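Input sequences plus hints: build the corresponding full structure.
If you read the sequences in order, they're chains G and L. My numbering puts the first sequence at residues 1 to 169. My numbering puts the second sequence at residues 170 to 967.
I should point out that these hints are in silico values taken from the structure, not numbers from a laboratory. Please note that the accuracy of each hint is not assured.
If you want the footprint, here are the derived chain L segments under chain G, 3+ residues with CB under 8 angstroms [to be verified]:
{"id": "1", "stretch": "196 to 203"}
{"id": "2", "stretch": "210 to 219"}
{"id": "3", "stretch": "573 to 585"}
{"id": "4", "stretch": "686 to 692"}
{"id": "5", "stretch": "704 to 710"}
{"id": "6", "stretch": "862 to 872"}
Everything numeric in this text was worked out from a predicted model, so none of it was measured. Every residue, glycine too, gets a C-beta built ideally from N, C-alpha and C.
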Amino acid sequence: MSLKKKISMTVNGQLINAEVEPRRHLVDFLREDLHLKGPHLGCEQGACGACTVKVDGQIIRGCLFLAVQADGSVVETVEGLTKNGTLTDLQESFMRHNAMQCGFCSSGMLLAAAELIEQQPKATREQVREWISGNYCRCTGYHSIVDAIVDVLDARAKGQKIKPVVANA
Amino acid sequence: MNKPSDLKGMVLDPVTNDQRYIGNSEPRHGARRLLEGQGTYIDDIQLPRMGHVVYWRSPVAHMKIGKIHTEHASKMPGVLAVVDGVQMAKICKPWVATLGHLAGMKSAPQHALAIDRACWQGEPVVAVVAETRAQAEDALQHIDVEWEELPAVVSMETALDADTPLIHPELGDNLCFTRSLDVGNVDEVFATADVVAEATFGFGRHTGVTLEPRCQIADYNPGDRRLTVYHSQQAPHMMQDLYCRQFGLSESDVHVICKDVGGSFGIKVHAYPDDFATVGLAMMLERPVKFVADRLESFTSDIHAREHRIKGRIAANKAGDILAFEIDDLTAIGPYSMFPRTSAIEGNQVVNLVGGPYKHQNYRAHLNVVFQNKTPTCQYRGVGHPIACAVTEGLVDLAAQKLQMDPLEFRKRNVIPDDAYPCSGISGIKLEVLSHEQCLRTIEKMMDYSALRKEQAELRKKGIYRGIGFATLIELTNPSPAFYGVGGARIASQDGATVRMDPSGVVSVLIGVGEQGQGTEGIYTQIAADAVGVSIDQVRIVTGDTDVTPYGGGTWASRGAGVGGEAVLLAAQALQENILKLAGAILNRPVAELIARRGYILDKATGEQLLPFSEVGRVGYFRTDTLPAGFSADLMVTRHYTQKDYPFIFTNGVQASYVEVDPETGFVKLLKHWAVEDCGRVINPMLVNEQVRGAIVQGIGGVLFEECLYDESGLLRNGSMADYLVPMANEMPDIEVAHVETPTQSSKLGAKGAGEAGTAGAPGAVQNAINDALAPFNASVFDQPITCEKILRALKKI
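Structure representation (structure tokens):
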């Protein structure tokens, strides 16, 4: 059964034209057709958040969103948001706090954290915990992730940047 | 020895001659690419001509397999093969997972794809390979297996009853393993003790839920008859060996590669039937085949763990001395013992560890490990430790309560004193050097215990019920060959490291222990940089490739730092010696006059910089003509390390939990958690903290949320992430971690393991905190996970 639909979208700044089966999920399209490695598949039912990507400025679950739904949209993944610097502060802070271990949840976690910083710049530690409760992490126990995000919130409040982590020579 | 440490910097004597990284919280630079979405997990790899396999798995707990109709599925678009158990058995031998040193242990032969019978819901029966995953899944709908449901053994309580059907009639009964231990005068002590307390502890089955599911790509090249397997696995050399033996290949013809692994926790240290089936398919089809478990498959085919029912009792005297422990452990492991580590190890550990921190001299334990028709269980993070700790610490609190002694004081009085080592625990375990007393003192201060008790008492007057719970623990790490080797399992307890200096002075470390997020690559970088004498940005780590790295055991039993780290240290120090010898030859000076520091050869007396490593490398590789006749510049060295002094090196620690229980709803709020950990020399405090925290949260999952629930016919009721609860950020407390450093003398580095103690202690600490909160109601719960419903039942509210 193959009834392919033509779609076009901007993915990480690049215009993409493709033909996909209507049943193809956005995360499968990004991973398998565009060979992006950032969004991951953890649960395939919207529970874990590993597949989080941005569509038209909002984070969504790539495993619950069909590729055809993104037709005409602007899609951003951790790769694009790394390149344009959106995530730099968070990535440096995650490095500093070792706020990831296996890294499988990290791209989704970073995108969720970035949206929190945008929408709730005065979030408390408890609010940070609540916000990232849509994203599973099985390795860290969350404490370091909360620390990392709170540091970025504090830095932003003071108008500062997070200092890059460099190898100690 | 036991120096307390804020661990901002090194507190122990240095282990290298220019130490600046070991002991410090260096960020792990290798992780940056993971934060940028540039990791390479198995599902990120796409090979030319790669097929995708999905498995038709048993829909019921126990069934007789009849005729398998594959005609329709075989003709579906893109389908490359449909293979059943009989076809698979022609190239893959069956296996039996027992260990010689677990006397009397038995299990039945198991196949890559079930033949005649399937024994648990989720056992793979038929493989469908197609050009795309979607095509394989489409074809799967058209596999028609005739099957007849057989009676299932579901309850472990009745598994040994005479009228319970036998899962494997040829074994004679449903008993996999049994062990009894009786030391001292248990009966007499219990008969005459001032205080005896007892309880029955329940532990629900749970599973690891690695965020990246189990996955692999098998690729067989008929031209050179070589099998390459990309695998999300913890023990690549073990899998290489197993593939050789099950498929009749030579070791040199099997290549296992582990790249980024998205969580492991013991789930990915076992050899699963579908691992072998995927390899068999690649060999049959002579093209790469990818298997990625979906989440529903993960829940029914990843190993489960920890289904136990333990009756336990403790005896103490009026003075507050613990006199004896007695336990009776019943546990069930599914229909087969898991290959190759065996499923009897978990119960065996419970017997070894109950009562372990305490100096009592009377102990009796009985263990029955039974078969049942549920997903096989095996080693998962902490293996037996969380169970042993929750039982021990639950009993210790009950005894303290009866004696009206403070639980912390009671522990202080009864732990094996810090000056008593080395000694043997009453179960026969050998304890090298532990620090219970110091850990208890540290946690008391850290949590401001007396203030917390005051707060608890004040709030109780206002109808707010908070509880404080402790768990003292021991954990085995750095295993010797006595763990598996003596039992006949081909699982390496040794590990090797190769350290190489390249012409520019850059150092590469090749090691068998891989990275699944723990930070092993990070600590190896620190160790190698210090031991060779370069900066950490001059060190590169290569792991997870059986063609390249020295042979080793990989990641299990918290051996990465203690065994792998020691191998890196020995190899890196040997390389530094060789660099100095070469510099001596270049400079025509005695080696004794030279030292290596930070990428330079210095004059030992004056500190003058004589040569950069890059010059040593240039001459060593490109101008050997200038060196004395017969001089060999060996800038690549390999050293191996096995811990042989003890069966394992035990670590210890203590945790405390502070919770609030709402007696109206049974809801438990975790307020705070503290952990003091002694893992010997701490190589990177930040990474150890994160290991401890992550492990604690997995332990909290076990005590409060996680359980694989089955119905009475043996069907899993909650096989999805929406139904199976794992801890989320919002429910978790902040976790404070402190360290005591008591290095092991069995190695130069002195590192013990740090990966599992968190999981071992958390269930006991949280259980005791809940029961402390419930104490005013004379209620207690010892059945994990401790749900709101169980609390309300204990309170007789429902």
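Status of the hints after comparison with the structure:
1. For the stretch 196 to 203 of chain L, the proposed coverage by chain G is satisfied: 6 residues have a C-beta within less than 8 angstroms of a C-beta in that chain, meeting the threshold of three.
2. With 4 residues bearing a CB less than 8 angstroms from a CB of chain G, the stretch 210 to 219 of chain L meets the requirement of three and the coverage assertion stands.
3. For a cut-off of 8 angstroms, the count of residues in the stretch 573 to 585 of chain L with a CB near a CB of chain G stands at 0, and the three-residue condition is violated.
4. Interface restraint, the stretch 686 to 692 of chain L with chain G: holds (3 residues with C-beta to C-beta distance below 8 angstroms; minimum three).
5. Beta-carbon proximity to chain G at under 8 angstroms applies to 3 residues in the stretch 704 to 710 of chain L; the threshold of 3 is reached and the given coverage holds.
6. Counting residues of the stretch 862 to 872 of chain L whose CB lies closer than 8 angstroms to any CB of chain G gives 6, so the stated coverage by that chain holds, three being the minimum.
Checked against the numbered hints listed earlier, the structure breaks hint 3 alone; every other hint is satisfied.
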